[in-house]
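*Asks:* This is what each chain is made of:
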Amino acid sequence: MGEPTTFPLVLGLDTFGDVTYDDDNRPLSHAQTIRNIVEQGVLADQVGVDFFGIGEHHTDDFPLSASDVVLGAIAGRTTRVRLGSAVTVLSSDDPVRVFQRYSTLNAISGGRAEVILGRGSSIDSFPLFGYDLADYEELFEEKSHLFAELLKGGPVTWQGKTRASLSEQDVVPHTESGPFPAWIGVGGSPQSVIRAARHGFSLMLAIIGGSPSRFAPFSKLFHQALETLGHAALPIGVHSPGHVAATDEQAREEFWPRYLEVIRHVSKTRGFAVPTKASFLHEIGPHGALYVGSPETVAKKIAANLPALGANRFELKYGMGGLSHGALMTNIELYGTQVVPRVRELLHERGH
Amino acid sequence: MTGGAPRLPRIAVLGAGHVGPAIARVAIAAGHHVTIAASGDPEKIALITRVLVPGAESQWAADAVRDADIVVLAIPLHKFAAFDPALLAGKIVIDTMNYWPPTDGVQEMFEDRRYGSSEIVQRRLARSTIVKTFNHIGYHELEDERRPEGSPERRALGVAGDDPGAVDLVADVIERIGYDTVRLDSLSAGRLFEPGGPVFGASLPRTEFELALSVEPSSSRS
Chain E
1 MGEPTTFPLV LGLDTFGDVT YDDDNRPLSH AQTIRNIVEQ GVLADQVGVD
51 FFGIGEHHTD DFPLSASDVV LGAIAGRTTR VRLGSAVTVL SSDDPVRVFQ
101 RYSTLNAISG GRAEVILGRG SSIDSFPLFG YDLADYEELF EEKSHLFAEL
151 LKGGPVTWQG KTRASLSEQD VVPHTESGPF PAWIGVGGSP QSVIRAARHG
201 FSLMLAIIGG SPSRFAPFSK LFHQALETLG HAALPIGVHS PGHVAATDEQ
251 AREEFWPRYL EVIRHVSKTR GFAVPTKASF LHEIGPHGAL YVGSPETVAK
301 KIAANLPALG ANRFELKYGM GGLSHGALMT NIELYGTQVV PRVRELLHER
351 GH
Chain R
1 MTGGAPRLPR IAVLGAGHVG PAIARVAIAA GHHVTIAASG DPEKIALITR
51 VLVPGAESQW AADAVRDADI VVLAIPLHKF AAFDPALLAG KIVIDTMNYW
101 PPTDGVQEMF EDRRYGSSEI VQRRLARSTI VKTFNHIGYH ELEDERRPEG
151 SPERRALGVA GDDPGAVDLV ADVIERIGYD TVRLDSLSAG RLFEPGGPVF
201 GASLPRTEFE LALSVEPSSS RS
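These protein sequence lines are chains E and R, in that order. Take the first sequence: its position 88, counted from the start at 1, is 88 in the UniProt record's numbering, and no numbers get skipped. Take the second sequence: its position 79, counted from the start at 1, is 79 in the UniProt record's numbering, and no numbers get skipped.
I should point out that these hints are in silico values taken from the structure, not numbers from a laboratory. Do not take every clue at face value.
[As the list claims (entries may be wrong)] Derived lysine-lysine pairs resembling DSBU-like cross-links, with alpha carbons at most 30 Å apart:
1) E:K268 to R:K79
2) R:K79 to E:K220
3) E:K152 to R:K44
4) E:K152 to E:K220
5) R:K79 to E:K161
6) R:K44 to R:K79
7) R:K44 to R:K91
8) E:K277 to E:K300
9) E:K220 to E:K300
10) R:K79 to R:K91
11) E:K161 to R:K91
12) R:K44 to E:K220
All of these numbers come straight from a predicted model, not from anything done at the bench.
Isolated chain E, as found in the complex:
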């Protein structure tokens, strides 16, 4: 991957706000689910997690549509953890408003805000806000360009087809100390990698199925695109789903039935293949995308994949519809107190 990464190691957690269940296996209300996420973010801060991200969704089983509001609540009760979207569906949002919301979060949190821009794998926001999915490319290209301009600070002049033009427009609140970190989440489109490089966004590889190593060429593409454009190197991160429990067996047993149920549900509307126990075991093994197991198992997998992908950041997407709030809190605690230090130790041993 060329020269070793020089960016600090960042180990974070992401949630999509999956509805959690109570001890009698009944779904909690949207409101309670959201209050629980605030508690989860606060715990992440306490146990030493570096980043806490919330993905935007608009469905009954993922009711977390206003991530920045929840992040604001977490910001008010924490001092250390960095807070961001994972992802913000920029194409169906207004870049000016996204900048204002996250610049506000940055102010509240004392400079801890980040934003990850992307499409995500769900498209519910397009009809909801009156956008046509067929315009996705143009929407994302124009809006990510505008967002890059807004991040620079200072008056913005911009013209495009997807929103009103801006002329020497001052957009507030101003950030205190330069742009906050912004990423583009990429699920497999090489053009998105090039776009991230062109606009000067960092690259977040969303690896949710299959072998993580197949993404290594994307890291190379990102480096080479930055170099060709004459830009300085930028960080690369990895986002993948998983679940940590005290033992491998417990993690598997808690996660597998929920995962099966969620993917089976999603497969009806999106055509995904329904996983089998065999395909699941492959995904949680060394050549799969899921990080499910004891702290040691999960730490080893993270420590193996980050250097292979030229990445300095990992975000574990924890939670799966139907798991209990208690199981998620245990996951977060184990991740912060055991996985994070163990990954640091393993990577340090290898000279990273």
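Following the hints, put chain R in place on chain E, whose structure we already have.
*Replies:* Okay, now just chain R, sitting in the frame of chain E:
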């Protein structure tokens, strides 16, 4: 590049998104000459080609297609309505696309559910010969799941088309890439490979793939 040995079919991949580079890469590994084209100037995809598909050449679509024996159509389905059929006249074309409204939005052209998406593609590309395959394996699995011939783990891919010669030509490429094939004799039968069908996304060896197809037809064709 010319020689006495029978040469492998030349392949042109149209599309440099998720799917196109993945197919181009495995085709190169199988020994094929591969070109790759997107809409417009090849310079725009030169870096993607160099890094992700070493050994392939990026070209203008018309140039890539002219010299190809097989064209792989790997563009987003919603761009197909604006695609110029004349570009592919006289060519054998692999249709890798899926109609998947919850992910891609509703496409008027593909809403007639009496027909599979590849039948609709064939009707529009009337002067081309369409073969349906690659649509039911994740692009992200295409490299990892390859196995040599005879391996008990070797996965099967379905290949469907109305022209048996074209089906065989494409199936031979796929077997060289690293998959067994199950050949169906019509694009209509190829509807079984579509999202929601019995083999979509399923990693199955040949006998199980055939079994999955044989137990489903009445329900998905009715």
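*Asks:* None of the hints should be skipped; say for each whether it holds.
*Replies:* Taking the hints in turn, this is what the structure says about them:
1. E:K268 to R:K79: holds, 24 Å
2. R:K79 to E:K220: Holds, at roughly 29 Å.
3. E:K152 to R:K44: Holds, at about 26 Å.
4. E:K152 to E:K220: Judged against 30 Å, a Cα distance of about 26 Å means the pair holds.
5. R:K79 to E:K161: With Cα atoms ~19 Å apart, K79 of chain R and K161 of chain E stay inside 30 Å; holds.
6. R:K44 to R:K79: Holds, at about 18 Å.
7. R:K44 to R:K91: holds, 25 Å
8. E:K277 to E:K300: Within the cut-off at roughly 22 Å; holds.
9. E:K220 to E:K300: holds, 23 Å
10. R:K79 to R:K91: holds, 20 Å
11. E:K161 to R:K91: violated, 37 Å
12. R:K44 to E:K220: holds, 17 Å
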